[in-house]
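Peer 1: Residues per chain, in single letters:
There are 6 protein chains.
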Amino acid sequence: MKYAEMTAVELKNLSREETLIVLPIAAVEQHGPHMPTGTDEIICTAVAEKVEECLQEKLVLLPTLWLGASQHHLRWGATLTSRVENYETLLCEICESLLNDGFRRVMILNGHGGNIAPMQISLRRLQVDFPNCQLLAASYWSIAEAEIASVMDGDCKTVGHACEAETSLIMHLRPELVRTTKIDNFDDYASDLVDGVYICRDMFQRTSAGATGRPDLASAEKGAKMFSLIVKRVSAVIRKLSGEPLSNYP
Amino acid sequence: MKYAEMTAVELKNLSREETLIVLPIAAVEQHGPHMPTGTDEIICTAVAEKVEECLQEKLVLLPTLWLGASQHHLRWGATLTSRVENYETLLCEICESLLNDGFRRVMILNGHGGNIAPMQISLRRLQVDFPNCQLLAASYWSIAEAEIASVMDGDCKTVGHACEAETSLIMHLRPELVRTTKIDNFDDYASDLVDGVYICRDMFQRTSAGATGRPDLASAEKGAKMFSLIVKRVSAVIRKLSGEPLSNYP
Amino acid sequence: MKYAEMTAVELKNLSREETLIVLPIAAVEQHGPHMPTGTDEIICTAVAEKVEECLQEKLVLLPTLWLGASQHHLRWGATLTSRVENYETLLCEICESLLNDGFRRVMILNGHGGNIAPMQISLRRLQVDFPNCQLLAASYWSIAEAEIASVMDGDCKTVGHACEAETSLIMHLRPELVRTTKIDNFDDYASDLVDGVYICRDMFQRTSAGATGRPDLASAEKGAKMFSLIVKRVSAVIRKLSGEPLSNYP
Amino acid sequence: MKYAEMTAVELKNLSREETLIVLPIAAVEQHGPHMPTGTDEIICTAVAEKVEECLQEKLVLLPTLWLGASQHHLRWGATLTSRVENYETLLCEICESLLNDGFRRVMILNGHGGNIAPMQISLRRLQVDFPNCQLLAASYWSIAEAEIASVMDGDCKTVGHACEAETSLIMHLRPELVRTTKIDNFDDYASDLVDGVYICRDMFQRTSAGATGRPDLASAEKGAKMFSLIVKRVSAVIRKLSGEPLSNYP
Amino acid sequence: MKYAEMTAVELKNLSREETLIVLPIAAVEQHGPHMPTGTDEIICTAVAEKVEECLQEKLVLLPTLWLGASQHHLRWGATLTSRVENYETLLCEICESLLNDGFRRVMILNGHGGNIAPMQISLRRLQVDFPNCQLLAASYWSIAEAEIASVMDGDCKTVGHACEAETSLIMHLRPELVRTTKIDNFDDYASDLVDGVYICRDMFQRTSAGATGRPDLASAEKGAKMFSLIVKRVSAVIRKLSGEPLSNYP
Amino acid sequence: MKYAEMTAVELKNLSREETLIVLPIAAVEQHGPHMPTGTDEIICTAVAEKVEECLQEKLVLLPTLWLGASQHHLRWGATLTSRVENYETLLCEICESLLNDGFRRVMILNGHGGNIAPMQISLRRLQVDFPNCQLLAASYWSIAEAEIASVMDGDCKTVGHACEAETSLIMHLRPELVRTTKIDNFDDYASDLVDGVYICRDMFQRTSAGATGRPDLASAEKGAKMFSLIVKRVSAVIRKLSGEPLSNYP
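The listed protein sequences correspond, in order, to chains X, H, V, C, F and W.
In terms of this note's numbering, the first sequence opens at residue 30 and continues consecutively.
In terms of this note's numbering, the second sequence opens at residue 30 and continues consecutively.
In terms of this note's numbering, the third sequence opens at residue 30 and continues consecutively.
In terms of this note's numbering, the fourth sequence opens at residue 30 and continues consecutively.
In terms of this note's numbering, the fifth sequence opens at residue 30 and continues consecutively.
In terms of this note's numbering, the sixth sequence opens at residue 30 and continues consecutively.
Don't take every hint at face value.
As the list claims (entries may be wrong) - Covered stretches of chain V (in silico footprint by chain H; criterion: 3 or more residues with CB under 8 Å from a CB of chain H, positions within the stretch not fixed):
| id | segment |
| --- | --- |
| 1 | 50-59 |
| 2 | 74-82 |
| 3 | 101-109 |
| 4 | 122-130 |
| 5 | 218-225 |
| 6 | 228-242 |
Said to hold, decoys possible - Straight line, CA to CA, 35 Å or less: simulated DSBU-like cross-link-like pairs of lysine-lysine:
| id | chain 1 | residue 1 | chain 2 | residue 2 |
| --- | --- | --- | --- | --- |
| 7 | V | Lys251 | C | Lys186 |
| 8 | H | Lys87 | X | Lys31 |
| 9 | C | Lys186 | F | Lys211 |
| 10 | F | Lys269 | C | Lys261 |
| 11 | H | Lys31 | X | Lys31 |
| 12 | W | Lys79 | F | Lys211 |
| 13 | H | Lys211 | X | Lys87 |
| 14 | F | Lys79 | W | Lys211 |
| 15 | C | Lys186 | V | Lys186 |
| 16 | H | Lys41 | X | Lys251 |
| 17 | H | Lys186 | X | Lys41 |
| 18 | F | Lys269 | C | Lys186 |
| 19 | H | Lys41 | X | Lys254 |
| 20 | V | Lys79 | C | Lys186 |
| 21 | W | Lys186 | X | Lys269 |
| 22 | X | Lys186 | W | Lys261 |
| 23 | H | Lys87 | X | Lys186 |
| 24 | H | Lys186 | X | Lys31 |
By construction, these hints were calculated from the structure, which means they are not laboratory data.
Ideal Cβ positions, reconstructed from N, Cα and C, are used throughout, including at glycine.
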């Protein structure tokens, strides 16, 4: 079920205890020389919509919040962002609209690395006022970590930025948007975690061209396989979580 | 051109003086018994995308911010919203991302009545820091007021809420989303402007069912005609404004 | 009745259901070469006090908040202002003082164009917490639009800035404060609404001297007539609104 | 000189180095059973205007900000207030308007006890950005402490709330606003400073009727004498401070 | 009793009516050429811990919040600070943690002059929500004013900054931290209160070396005597206040 | 070197390029039935001070900010906290004091799980304004993950809350503060990460007694060994990071 396609009456009739509302969040930001700025939004929406198809009776999908917390991309240009503290507030307010309407299960489904900390903090801020609700947040890649890794050929087995995984996924979902002649090996990026220490650097410092990993190893076939595995895994996990009794969360 | 489909390099190559960036904003909120909560988002996006087709060389379209300032609908349920003061900040931040990236012409194209005051205030907040930029905001109906009126049959000739105009437009754009059996005459709504005085009431007070006007007079044909007139007029006005020399705005 | 002249006991004894409290708001800002910076405050206070005389039993008048949302005048100098978002908060807090004290009817009576959007937003912010109260806002010119137009000779029939109307009113109310030798025809100002589009420009961009319209057509006689018509009309509208049963606003 | 009576051009022509701008601040709040809620505003404005008469060539007087930080009176009703943290911001913004316009000397002249801490904090917040400006704040009673004490007959020699001093001053300035039959001995109030410890209690806890001290000892003659002494002393101190070279404040 | 050394169960078992929780606050900021930046923190903690020893059964001591409101020292460098408005919020939040946990008596014990106004404002902000609690704040020198004066030899008998009193106290408490060769007569400082007027200047303007008074008159003996007197007096005052019935503060 | 023990002049003389300033942050919050509320503060301070001893010439240690982001412990009582969004601001302000003073290397050393997300966000907020500085953050356990695991006997090899690790460390550092009779097996806690999904629950939901893991396996010897390994590893990592050329972080 899609929230934006339903009437107020239809939404009112949904069970507040059983319905899980999913808010996809992403980003529109520079994605290196070969990928569109909407990469995260395209992938996250595609995953979310496919998952919604699989779980219709359990899940109500909101439209994707394309804006992300992307200040660390600003120096590359071509990036839309909210200040990270205001992004937290924004997520809180969307979720509060639902929680004040009585819904007891809300999940943020994320497609942009920069959103992870703020989305978790948003839920912490909400939890103080809504202690009896199921408040969930995940990036699609944290749920489908093993599945994604199983398809990757490069050394890095996780989703980076305009990398092997994202490039493959866009090649599958919107092939016309990949500038294939600009693809390169961007494996020279600096991690933000060294010896257990978080080194706060923006993407201008961490990458030579605004991208990471091995998009040169990407393919539409790989993207198709990965997409299918992600959807299957995310659907399974959400089905399980949304079936857990709320009484587990007193 | 669509911002989210372009790469950072392509966006960087655009003229900062000549390019107009358009941010469509809407709402996802209750729309009476017969209309989907995404009504404003659907209409505003459709108008914006059609205008973008007409003005390709001049305009870069952002994805639609579906979230609106909709607190006045909350008591009807089925409404997602930001606090109005935070909504102003949100609009400022998206525009600042563009203005700090050097773009000199930004326009907010609105599809939700509750956004009018906050979007204007957002531009006022931005104007202090970006006095030399062209900062524009309009609802599609304020640009195409005469054209819309020319198609309406009910007494009310302007766009209300889930009214003759909106219902016709959705009948044209997404007919499967209109619950035609729930359509009624909702002409019993209270205005928020009486004798020149703004009476601040929410939609729970102003309407009997969350809708206004005469959706019973709506038709897909009317919607098609209206849509075509709106797109034509909005395109013409934007073409004219984006062609005006920036030196007109010292 | 004037709030500031009453004791706490007397205020406590007023009916919370029937009493309308009026908060006049204005601005102290540059008003072109010929008018005092206090123009809006002088006019708004004079109107409010005269209206209070007419409606004594119904109305409690607060002192005028002379500060306005005037950032768009700052580049002309001689302007006191609050940031527009803080101005909203300021209005909310004054009204909250009254609403938390039990009063059910509050009206903001405005004398400065820049306050219109923030005062409306203030009421929207308040309405969420005080849904059962009568929350009103108007500029004196929006109530007495026809009356004002009937007295104007210039092409522009509405109240602008240091224009025919304001200059006439100050010539009537405080003639010694008008620098008549500096009066000119300022009809070369740019509107902020073109083809239905709000063009956000400050007064430094919109005017050549910080003033608009035809103050050269102003006269004390015109001011006297206009003032009398405004007071009569505003009094009549307030009398009507304050007499409406609160049950009309559930 | 009165700011609100001057034109922008006249204000522009003032010396930024030599002119001292004075902002009177007060409160509109309950003042016990016998005094009008506007007491502080009336006294502070009267002092400020008389001082302005004495120091015309040196001083530009703003209109009085009647709103104060008065949350500690709320439980008595009949009180208008801003939250204390927002009141600080409000004072900052008014002063910033002046300091950004180039004025180098600003003084807040206060007539309400609850404003003392926030006005000092406002100046501290401003001082970070305007280190080379003369930023002054005083309550009229802190300048004229000895003069006021010399006229008082009760044990308490300082200005309290609706006390001997304030009642005398209003008897002198606006005798018709004092409800003489309600005057009593209110000397049973609790101090907020005991043994060097600040005990934070509101006026509902500190007084039996919202007033302090010995208004039963008040008289118009005493008020006249006190007023004259206050004006003389405040004028002398301001003349001295405004004459000090700015270079003393590097 | 020390809060940080107790378990949750032990804290839960304390009487909410009788227990006084004390929060020491200080600063880490430049202290002239001869004193460590931690001066205020060292003194305030020493006083607080000694007082806690004397009043064990009555008092629960929090660890010292070493951060202060020290923006007025920033231009000297070597200063850690919060913006003054955020410092107020910080104090509110710590106290709210206690008040929401049911404790009815809270005291801020201060060791830094710049904290006085913000700590008082914090309590005013809290008092609105916790009107039935005992909310206290004091600097150790305001409680022990006479005792401190009795030991001082310089003209200034109060605690300044890196002055005779503070230097003596650190000579007593942490002698190895005083750079005795850098000690000088710093009696050339400018007061921030002149003729009853608060002159807002930072320490860069008010002092020639970031210190005030007569540290050249300091001695460890003087410090020992002063410390003992302070502890005795503060203990006595707190004992008295914490013994007062809460019903005194309705 | 300890910041609070140094004078302003000594701090001024430090190399801005080479000096690393370390801010330890912790929490004072409920720690189950057997551990003091100050557990995190005690451990983090002990680690930081020992590391400082090892790295004297390279590192300046600030005093520990004992306050943490601990709202998720509030329902257990005995917890001091800041709202998580304000905690971010607090960390920003302390670091800004240093960065504005010219220091180019700042590290937050954390001892409380709830601080991880806010401390990372603080650095992201700072990075926008200080892109050329080394901004580091780590929990002691993330640096010494392997070392800690090597000492643990329970199934859980990481630092939880009042668990095997923390209990052992306090048994080593402050044995008198452990209530050994209250120690139990608390291995029945719920994780906040399930199948890659963050489930936002507070400690009242996640634990049966406010503690996690196997404190029944704790011992002072284990604590001593663990402490020594932690200090060694943290010292080594900090030495390495602080030696890296700043030019690595353009």
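Peer 1: Tell me, which hint numbers fail for this structure?
Peer 2: Violated hints: 1, 2, 4, 7, 9, 10, 15, 20, 23; rest satisfied.
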